[in-house]
Amino acid sequence: MSNLNINAIRADFPILHQEINGYPLVYLDNAATSQKPRQVIDAVSHYYLHDNANIHRGVHKLSQRSTDMYEAARGKVRQFLNANSDKEIIFTRGATEAINLVAQSFVRPKLQAGDEILISHLEHHANIVPWQILCEQTGAQLKVIPMTQSGELDLTDFDEMLTERTKILAIGQVSNALGTINPVKSMIAKAHAKDIPVLIDGAQAVPHMTVDVKDLDCDFYVFSGHKMFAPTGIGALYGREELLNAMPPYQGGGDMILSVSFEKTIYNELPAKFEAGTPHIAGVIGLGAAIDYMWQIGIDNIAAQEHHLLEIATRKIEALSGVTIIGTAPEKAAVISFMIEGVHPHDVGTIFDQQGVAIRTGHHCAQPVMEFYDIPATARASFAFYNSEEEIDALINAIQKTQELFA
Amino acid sequence: MSDLRELYQQVIMDHNKRPRNFREIEQANHLAHGNNPLCGDKLVVYVKLEGDVIEDVSFKGSGCAISMASASLMTEALKGKTIEEAQAIYEQVHKSMTGEETDRNLLGKLEVLSGVKEFPARVKCATLSWHTVHAAIDSDHDISISTE
Ligand SMILES: Cc1ncc(COP(=O)(O)O)c(C=O)c1O
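The listed protein sequences derive, respectively, from chains A and B.
All residue numbers for the first sequence refer to the working numbering, where the first residue is 292 and numbers rise by one.
All residue numbers for the second sequence refer to the working numbering, where the first residue is 6 and numbers rise by one.
By construction, these hints were calculated from the structure, which means they are not laboratory data.
Ideal placement from N, C-alpha and C gives every residue a C-beta, glycine not left out.
A couple of the hints might just be wrong.
Claimed, not checked - Derived Cβ-Cβ restraints for the label pairs, each shown as a range:
#	chain 1	residue 1	chain 2	residue 2	range
1	B	S67	A	N343	47 to 53 Å
2	A	Q423	B	K65	26 to 32 Å
3	B	I148	A	E560	23 to 29 Å
4	B	I148	A	K485	44 to 50 Å
5	B	E60	A	I306	50 to 56 Å
Said to hold, decoys possible - Simulated pairs of lysine-lysine, BS3-like, Cα-Cα distance not exceeding 25 Å:
#	chain 1	residue 1	chain 2	residue 2
6	A	K401	A	K434
7	B	K86	B	K65
8	B	K100	B	K114
9	A	K434	A	K476
10	B	K122	A	K692
11	B	K86	A	K692
Taking the hints into account, I'd like the entire structure generated from these sequences.
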């Protein structure tokens, strides 16, 4: 059990209090995007109502205030990830852009035909496609760590897959399709023993658990704000300072330069070097507010509540006949992918929606995972700490109604 | 739940469970692949044209109940029709799904598909096989279409 007062927490999320098709909304699509607490919404609107100006380029008061708020949020992200320095935090549009940045600015200059990039079978398309593009550009090869029937990484041959040709290991900390928590810390240690740099895709980890990049000892860590109660369109890249320093810029433009002439442009220092153009200032401020909110609730409390929900929901679903959970790793975040026998997931989604239960159906941007299980799609319920036990009952009820309809 | 019962009514459920003309046509002279990437519906439509008459039409594949039933009903409705008649039927089906006035005589049994009009996210499921048969007839080589 957790120490959270769920009703008080739910009061922070105005969107949860509505009816869908005559039923109370039961929002179980948190792995796609989370809802936003009033504290985040207020921080964004307060910024636009009182402080809006461009950053890093004005002497006037509003510009200074905006700049201070923007940089203060960077400090929160640094602390949130336990990075050494604010210079190691680069704001991006999200996890996707951060992975592309590392692929193009860090890995690409080092790659030669025949080199290898190591990912896993569990990855989100965001951690597959940027590497495939890179392989096409350079003639490098994509290697894939296989998975097991329970949805875990199959690390039997992991040591052999780390070769002198491997230029990066890029893996997700938590699988979005199945919820599997991967043993990234020991994988990072093994890669480092062979001097292979490691990128961790933390998009599904940061909303649910304490992340410490120093303890993980990863070289890059990426995440998206919108999955952790912040606005869409903002995320961050953590990178080791010496690596970021040595990398060429990803995009050119304003803010990322010290001086420009037609003969020579001198790039700005970290982190500005990687933040060309006017950034999503309101998003950054919203992200800072989301981190404050998570700290206020307590990340350990969040993890405990979600674990509690996962256990109850798993037990209740397992007790139903004709329902199979896909992904049964012992270490999981609060994600349950499932199949109802004889009912296509897309029909499941529609029938659930008619009862106010919002889940995701489809391939979850992880088509290789679907292919592994030889299924076109799954239905996926994913929980946040603001979900209640009553909502699990609504989920179970929706499954039973679906089975009745298709009986 | 009443819209839902309308959508998943007996005819749909029956065609989903026991799809008609669910087979290959070996002498098919037109064929197309249809793909709805959003939900993973995938089907192949086979057509055997004699002049401008649809001598035989069938499908294979997998998908949600709506896409399977729609494809099954489609094969029943189009068999023996001319291309022109098929076109007229397709237009009626399309109108029924978008809530426009339809000709009930032409639509016949296909009226059950109009239930999707209350479910905009599902219209693509119901139209997949129709788009695919259209592409098959229009093209003389194997063609792939996608509804995204
Ligand atoms: C594991 C994982 N990685 C990356 C992403 C991409 O995140 P975004 O689309 O916010 O860039 C997601 C989002 O679904 C994800 O779940």
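Hint check results:
no., hint, verdict
1, B:S67 - A:N343: 47 to 53 Å, "holds (51 Å)"
2, A:Q423 - B:K65: 26 to 32 Å, "holds (30 Å)"
3, B:I148 - A:E560: 23 to 29 Å, "violated (54 Å)"
4, B:I148 - A:K485: 44 to 50 Å, "holds (48 Å)"
5, B:E60 - A:I306: 50 to 56 Å, "holds (55 Å)"
6, A:K401 - A:K434, "holds (17 Å)"
7, B:K86 - B:K65, "holds (20 Å)"
8, B:K100 - B:K114, "holds (15 Å)"
9, A:K434 - A:K476, "holds (20 Å)"
10, B:K122 - A:K692, "holds (22 Å)"
11, B:K86 - A:K692, "violated (39 Å)"
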